[in-house]
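A.B. asks: Chain residues, written in single-letter form:
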Amino acid sequence: MSYWLAAVSSILIASVVALLLTAWQAWRMASARHDQGFRNGPWMTRFSYGSREMSLCERAFVAIAGLWALQSSEVVYFTAFRDSDGRRLDFRNNYRIEGHDPEARWWVITVYKNFHFIPNERNRYSYSKTNIVRQDDDTWTINLSTQPRDENWIPLGKKRGLVAISLRLYNPRQVVYENPVSLALPRIIREPTNGQSA
Amino acid sequence: MTGITFIVLLWLFCTCMLAMLLYSAVLWSVPYVVSDRALGGIRKRAGANVLIHRSPNTADNCRIPMAIADAIVSICVFDVAKCPLKIRATVPHGLYWSISCYARNTENFFVLNDVQASDRAGDELTLVLQKAAHGYRPGNGEILIDAPSNTGIVLIRMVVSDPTDVNVFTQLSRIQRRAYAETVEATQDVTNEFAKFRVDVDTPYDELHVRICHSIEDIEQMMRRDYKLSATIDPSLQGTTIELPGDYRIVFDLL
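These protein sequences, in sequence, are chains A and B.
So the mapping is simple: the numbering used here equals the position in the first sequence, first residue as 1, plus 105.
So the mapping is simple: the numbering used here equals the position in the second sequence, first residue as 1, plus 247.
Simulated from the structure, these hints should not be mistaken for laboratory data.
Bear in mind that the values here come from a model prediction, so they are computed numbers and not experimental data.
Heads up, a few of these hints could be off.
[Stated by the list, open to error] Restraint ranges, calculated between C-beta atoms of paired labels, are given here:
no.	chain 1	residue 1	chain 2	residue 2	range
1	B	N397	A	D190	47 to 57 Å
2	A	I116	B	A306	43 to 53 Å
3	B	I251	A	S153	22 to 32 Å
All C-beta atoms in this analysis are idealised placements derived from N, C-alpha and C, irrespective of residue type, glycine included.
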């Protein structure tokens with residue numbers, strides 16, 4: 106009898122612990138507190154996405170938040186949940202993403218809320234190498250805000266949610282794999298709330 | 248260490264191990280659950296081994312998390328349990344294009360982009376997906392891939408220079424829609440069953456390619472349901488082209 110009790114109690118407690126661990130991991134993923142590998146300013150990436158080498162946690166996260174991601178030999182995915190000063194992205198703020206073309210054959214920057222497109226009348230969710238408007242020196246600026254902007258504007262919408270910015274590099278050059286931490290990537294700048302440029 | 252202490256420690260150890268095992272099992276199962284749900288939804292709408300061509304993803308039509316907005320995607324849920332699947336596609340020039348295959352556990356086990364495809368296969372790519380046990384012998388220029396699972400998904404991605412420009416999408420969709428999938432069994436076991444056809448349906452096409460799978464009755468029902476057409480399919484029309492009222496034309500062909 107005591108063996109039965111020991112076994113049943115063990116199973117019950119193990120199940121509760123497993124459930125708590127799962128819930129904790131889910132909360133970490135949903136609030137972007139999980140470890141995402143290499144960090145470069147606000148950008149994070151892992152080279153194991155899509156591959157057989159993903160850990161159980163990585164595979165679970167990618168399945169939920171980035172289903173059917175390509176292998177890193179084809180695309181490197183950088184994701185940012187914070188601005189370049191380390192503050193969590195918030196739809197109520199205005200942001201500028203400033204940079205020049207990353208080291209890749211083609212790139213695209215997409216903004217999400219709760220891991221999905223932010224609905225807007227223009228169906229504008231991203232800018233890429235082929236449709237971004239550049240300045241004279243080939244640099245560019247993408248504006249994120251709820252209020253319309255003249256150029257390269259992605260609406261942030263008016264609903265609450267976890268804002269994420271994805272930078273996808275298609276067929277990246279070798280330097281991306283060699284130096285993911287020190288690579289020159291776009292900066293994400295939060296504008297002062299009175300709307301004046303920083 | 249007393250006997251009771253030992254037993255308690257042993258119980259604690261076993262409980263911890265069991266908890267880790269259960270936790271690992273849950274994590275392991277997540278990709279399968281998510282994948283099965285997504286594949287099941289697509290399969291329910293379009294069937295397996297059928298390539299469907301989507302318009303650009305928008306907030307209204309896309310439920311996949313962190314999807315790409317700057318590409319048009321063709322999707323095929325594959326099921327190679329019984330026979331291999333052949334996928335044919337036109338490889339565009341000058342823009343990023345890729346075909347990728349994912350196992351049931353979401354592992355990306357194969358990918359080929361436009362540059363690699365042009366080098367290997369020229370402008371027309373033929374990919375054959377099989378389980379190793381099928382022993383399919385690839386034809387000239389065909390690329391044979393062993394799938395690690397019976398089911399999964401094939402995605403063909405083609406970037407769009409500006410997804411908000413309808414003209415660009417229209418132009419690229421002509422290339423996109425030349426791609427199609429067919430089970431190898433259908434092409435290798437052609438008998439006088441010319442009455443068996445299947446229409447791949449999605450958004451309206453300029454042409455509908457008919458492939459061998461179901462009965463004519465299924466086709467007629469599908470056409471009436473999806474496109475409100477009233478064409479009658481006569482088996483003697485095999486190999487001919489029918490002009491239908493409206494924007495559709497059906498080509499009947501044995502593949």
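A.B. asks: CB of N397 (chain B) to CB of D190 (chain A), is that within 47 to 57 Å?
C.D. replies: For N397 (chain B) and D190 (chain A) the Cβ distance comes to about 49 Å; the hint holds.
A.B. asks: Taking the beta carbons of I251 (chain B) and S153 (chain A), is their distance inside 22 to 32 Å?
C.D. replies: Since the Cβ atoms of I251 (chain B) and S153 (chain A) sit about 46 Å apart, the hinted range of 22 to 32 Å is violated.
A.B. asks: Is 43 to 53 Å right for how far apart the beta carbons of I116 (chain A) and A306 (chain B) are?
C.D. replies: holds, 44 Å
In terms of the numbered hints stated before, the structure departs from hint 3 and from no other.
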